[in-house]
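Chains A and B are the protein sequences, given in the same order.
Oh and the first sequence: position 75 is 75 in the working numbering, straight run, nothing missing.
Oh and the second sequence: position 355 is 355 in the working numbering, straight run, nothing missing.
Any given hint might turn out to be false.
Simulated crosslink set (DSS-like; lysine-lysine; CA at most 30 angstroms straight-line) [stated by the list, open to error]: (1) B:K30 x A:K3; (2) B:K256 x A:K101; (3) B:K246 x A:K19; (4) A:K40 x B:K246; (5) A:K101 x B:K223; (6) B:K275 x A:K101; (7) A:K101 x B:K165; (8) A:K19 x B:K30; (9) A:K40 x B:K266; (10) A:K43 x B:K266; (11) A:K40 x B:K248; (12) A:K40 x A:K19; (13) A:K101 x B:K266.
Label-pair restraints from in silico Cβ distances [as the list claims (entries may be wrong)]: (14) B:E99 x A:H14: 40 to 46 angstroms; (15) B:V3 x A:A138: 39 to 45 angstroms; (16) B:N24 x A:R165: 30 to 36 angstroms; (17) B:G259 x A:G8: 40 to 46 angstroms; (18) A:N146 x B:D219: 42 to 48 angstroms; (19) B:D219 x A:Y53: 57 to 63 angstroms.
Hint data in this document are derived by calculation from the structure and do not stem from the laboratory.
Heads up, the beta-carbon is just placed ideally off N, CA and C, and yes, glycines get one too.
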Amino acid sequence: MPKLIRNGEIVDDHWSVLKEATGPEVLTTVPGKNFIAPLKFWKFYGNELQDYYGEKALWLDSDEDVNDIGDLLNDMPIIALNFPVFSDGRAYSKARELREKFGYQGEIRAIGDVLRDQIYFMSRCGFDAFALRHDQDAEACLQAFNDFHTGYQASVVEPTPLFRRR
Amino acid sequence: MYVYDQYDHQMLADRVAQFRDQTNRFLDGKLSDSEFLPLRLQNGLYVQRLAPMLRIAVPYGMLSAKQLRKLGLIAREFDKGYGHFTTRQNIQFNWPALEDVPDILAHLAEVEMHAIQTSGNCIRNTTTDQFAGVAVDELEDARPYCEIIRQWSTFHPEFAFLPRKFKIAVCGTKIDQAATQVHDIGIYLTKNAAGEVGFRILAGGGLGRTPVIGVEIFDFVEKAHLLTALEAIMRVYNREGRRDNKYKARIKILVKETGVEAFREKVMHEWAQVKNGAQTLTDDEINRCKSFFTAPDYAALEDNPAALSDPLGSDALFASWVDQNVTPHKQPGYAIVTVCLKETGVAPGDVTDTQLDHIADLAEEFSYGEVRVTHHQNVVLADVRQDQLYTLWKKLNQQSLASDNLGLLTDMICCPGGDYCALANAKSIPIAESIQREFPDINELKQLGNIRINISGCMNACGHHHVGNIGILGVDKKGEEFYQVSLGGSSQHEASLGKIIGPSFSQEEIPAVVHKLIEVFKANRHGDEEFLSTYQRIGIEPFKEKVYAKAD
Ligand code: SF4
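This is chain B alone, in the form it adopts within the complex (with noise of 0.2 angstroms):
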């Protein structure tokens, strides 16, 4: 994990006092509301229905064990004991008071932490795929080029004030767990004909009112390059990104209103006047950011060990969240363990400071002190040995953590939506709870395989309604609460955008109607198919049909 050096601490330290200045400005009448508003948004703050949110950036979904304890303080001293796993790998708080703010800015900055751009108009927090460095299918680890956009993006003095706000992620996995096709920018690494590692570079993805696919801007970048590609994109952007129309404003208007070949020219066009400048990286950099992300020193293991395979044999309960929620590690005789935070009845992603204080004591005895938060709002054990499963299992247990729905259809993301979100048009986590009561046996579930369905409270698809299999979007219909359908969503690496099904449905219609759904696929699925397969094999039709169906 990233360790800050003297720099990256007095940068924290400038920040918490330039952020308590202003806010005691603000207090004083010194600034005005629009004035402070992009100032506390650039420091995670939003005032919501309720009370202001503080969103904190955990970059690229790392956190150790005291960063945890510590997100466990502040939910127990200034929120009302949880916070909220986000579906950009941060956390957010739901009930901390403004004037407190300064003071939780302080806290943070003593393990390395900070709520610097997780919103306003400018590069927010970086993500990728939560298994980087342990995945079994990676070219190269993101992480540390995660970070090398991490500090090149904060406090970026030219890109402070975006058309609208911006995301990046970084993929180094073939099987693309960061959605990376619907960013602003989305990176992957890859190999050119020489065999050099390097990236592709799209740009103009995004999900929101105009869900979009990125469109490749670099075929390959050379390391070196990449803080000067992406400079000539982002200056691109400001230059000419609208500002008119805040619906319009995003990346992938602009990309779409220029035409890719007329944008990528400016792009190289810019890029041919700063590309070998200094923000060129060098190895050393790249050396020094890869330092802190070396593998830890694994025991010489085998696979399958017998303090593994002899509970598997007796112990079901703990068979299932196996099957479920271990996947492969790259290093024999460990694994990598997901907790499922979407247990029913629980607001998907959410976490209490006993729940946040547990998972960091789990992490230092099982996985060297580190999780990932994924942005299914899930949390990763990155490093277990497969000897000790068992035990960490029955420990997950005793927290209501050990969930073993990961990836099923109650493994819901889900929005904050009009329960906190001031933006919403309809509640969300309501929507996710009826959904998982209407699907309350885990066998079924299981039978049914992976399907994600995803819900969001409105437009600004925080759920990422458009790449769930199922999506389900909050709408406003003459002053209530309804709810449009899409089918085929997907954000692997062949993403698919869902296609809205028909007319929208009020809340208490949507359990039965995610059931019909899964009825048609049930009587249409070839063996044990994937729903998305089952539904790309018969289209939308017979889903329509169904569930439009006249009752008889």
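Bound conformation, chain A alone (with noise of 0.2 angstroms):
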């Protein structure tokens, strides 16, 4: 089963992602039960989705807007955002939208090319789960945490600038 680390701790991974907005018909090939679907997936499809049986969860492409979720979000355990490559970096914002603005409380995770040395960036902007590209060690990259010990702006992980703490 693919590793996650999710709050600081490396687990096991029970969530498929599915790539495409395909028809509701592709959940029976779901590995495991459940699933994070594209946006566009649940536009289309998501009224038929009540009796689904396992949970349920949705993803964002990096060009895709977070005010686009709408009423959605409420249901959301998750709302994983896409790297498409790491050095795309406008999920960044869009955590800290989805944290700041919209006061989403659920899971934030970063799926796509994550990284070791993007990860302290990522968690400061309320990434709290990361999906780590398959070649990754994750021991290692669970120090990525640490990278520094405190940063100067306000951040979703240290609300409180630095000049307010000095």
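Mind assembling these two chains? They're in different frames, but the hints should get you there.
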């Protein structure tokens, strides 16, 4: 089972990410029973999923807007944000918006090109789960949370900027 | 000057450890080239034509004597004995070995320096006027705000992977020496109707392939809201800036494609969410930062003491240097000295390790132990007693640092170009030198007055060619190095962008072309008008005619 870092610990990942917004029949092919589907899938088939027996969540690609999640947000235990490549930084803003603007309390999971050297920044923006790229050493990635003792800015994990703490 | 506390020191120590680990993983093959790339760039490390190049941040251009000596040591021990001041008030070294970089960073950390975010698609070093705090025409010293922005932008978790690099300048003086309007964000200190000092904020300026002058986003922002206003602009850019095409990824393109009004609305919408939040500046923080930039305890002195006026009368070379390189200071009896690093035959902005040590000594002896780097690639001693100018000048002379061509045609801005830079289309340093050789006579140069020639080796415009009165740009023409010439650019308050004069020239032709441009200027000049004014009065045509006239 793939590894995930959640709340600073390595855990098994019981969720499957559906890549495409094809019809609900793909759910029969989901390994396990919990899935994270793209926003488009939810828009098209959301109504048909009421009776689904597993848990369900949503992922957003980097060119999609958090405002478009709309009311779905309240029902989602996880919002996953995709990094098509690690150098695409749009998801950092999305995570902060979800936490700070929308007050979202559920899990925000980084998926896609998720690498050790970006985890510190991600966590400060409100990500609390990291589905690492397959070649990453999960143990080594745990170190990333300690890359810096503190930061200058207000952030999701340290809401008071340094200048108010000095 | 800002002094680090335990938090700042810890942050640097963490950074050095982090980069050491990243470098080791890269050398062990655990990090791919493409994954290491942004990590090393955010530590100022490029891989260039000849060797890695390390760019070190000089926050808003301020350096202490101790830091200068450390830079001298780095030049000696890790480089070939020299460094290069850049057009963004930083310094870079062209020959460090990759394995040594973590050690160099550790050296720098000892003197409160680093290479953080001097490259890469993140917020870069914030720059300002090199005369901040001592200029006669200053509304308020911009440096405390630069420091506030430096801290806010350092390791900002949300903005570490922007669509493209991002540059901020702050200006508190009437005459803008910071080229503020051609920055991604340009900030002017300004007064509102009630007489309070705050900020006017522009966005979307920039040079490069598509030069643009920034547009006003905020006409007045109270000091407390500076960071939230910046955060709002940054967020809109991070979310919506183009990532599909590197050449369209700067904020200027976003502003243009969105439309100024719509862009402003998005920013205001974002601002409404974050304004009054935790990032709202406190008076305590503003005052804390201001406390590092208070005036030194100046002696009570008179202007024009005999120790200055006597040698001015007797030593023509000294008088010439004072005339050109010394600027009035707001404090009576003091002067601002600019050391011009543009001696003919030396690459513009280059300094040797001994010169760095020497400047450090002079800073300690004459200017409270501090210097500033200018975006014209020169060095300023900001607080020199007028009665010591003559002694200072003699000492500068001993180290070939007394060039008296500041602001003149031979005080060119020039990027490293094809001699060092992997992106270059053409060399730029030899062009600068060939022009300097074409104008050897300092008296003639002085008669010509202030003329700014800016040279870039490619479209990236590190040499600010668009805002040169005469701009020279290296272009590639079927694999050969050619140079495109533009006229009429300026980065002062009434910033303007140069206009291309016509087909490009070979390297050999350039000195003669510049010569012809100057002849046209001389023939049309009214009184002691500056080149730019003559150009604006007569337009580009007479220059064109002369330069492209068939020889008969
Ligand atoms: S302008 Fe071009 S050639 Fe010159 S330093 Fe910048 S990238 Fe290199």
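Outcome of the hint check:
1. Among the hinted pairs, B:K30 with A:K3 is consistent with the structure: their alpha-carbon atoms are about 19 angstroms apart, no more than 30 angstroms.
2. For the proposed pair B:K256 and A:K101, the alpha carbon gap of about 27 angstroms is at most 30 angstroms, so the pair holds.
3. The hinted pair formed by B:K246 and A:K19 meets the criterion: a straight-line CA distance of about 27 angstroms does not exceed 30 angstroms.
4. Under the criterion of a C-alpha separation no larger than 30 angstroms, the hint pairing A:K40 with B:K246 is consistent with the structure, at around 28 angstroms.
5. With a C-alpha separation of about 24 angstroms, the suggested pairing of A:K101 with B:K223 holds against the 30 angstroms cut-off.
6. Between B:K275 and A:K101 the alpha-carbon distance is near 12 angstroms, which keeps this suggested pair within the 30 angstroms criterion.
7. With a CA separation close to 26 angstroms, the supplied pair A:K101 and B:K165 stays within the 30 angstroms bound.
8. About 28 angstroms separates the Cα atoms of A:K19 and B:K30, which keeps this hinted pair within 30 angstroms; it holds.
9. Only pairs whose Cα atoms come within 30 angstroms are accepted, and A:K40 paired with B:K266 is accepted, the gap being roughly 25 angstroms.
10. Annotation: proposed proximity of A:K43 to B:K266 holds, straight-line Cα distance about 26 angstroms (limit 30 angstroms).
11. Distance restraint check for A:K40 and B:K248: the Cα-Cα separation of roughly 28 angstroms lies within the 30 angstroms cut-off, and the hinted pair is therefore satisfied.
12. The straight-line distance between the Cα atoms of A:K40 and A:K19 is roughly 11 angstroms, inside the 30 angstroms bound, and the hint therefore holds.
13. Simply put, A:K101 and B:K266 have alpha-carbon atoms about 15 angstroms apart, close enough for the 30 angstroms limit, and the pair holds.
14. Checked against the hint of 40 to 46 angstroms, the C-beta distance between B:E99 and A:H14 comes to roughly 43 angstroms, which is consistent with it.
15. Separated by about 41 angstroms at the C-beta atoms, B:V3 and A:A138 satisfy the suggested range of 39 to 45 angstroms.
16. With their beta carbons about 32 angstroms apart, B:N24 and A:R165 fall inside the hinted range of 30 to 36 angstroms.
17. At roughly 44 angstroms, the beta carbons of B:G259 and A:G8 sit within the given window of 40 to 46 angstroms.
18. The beta-carbon spacing between A:N146 and B:D219, approximately 44 angstroms, falls within the hinted interval of 42 to 48 angstroms.
19. Between B:D219 and A:Y53 the Cβ separation comes to about 58 angstroms, which falls inside the hinted range of 57 to 63 angstroms.
In summary, this structure violates none of the numbered hints.
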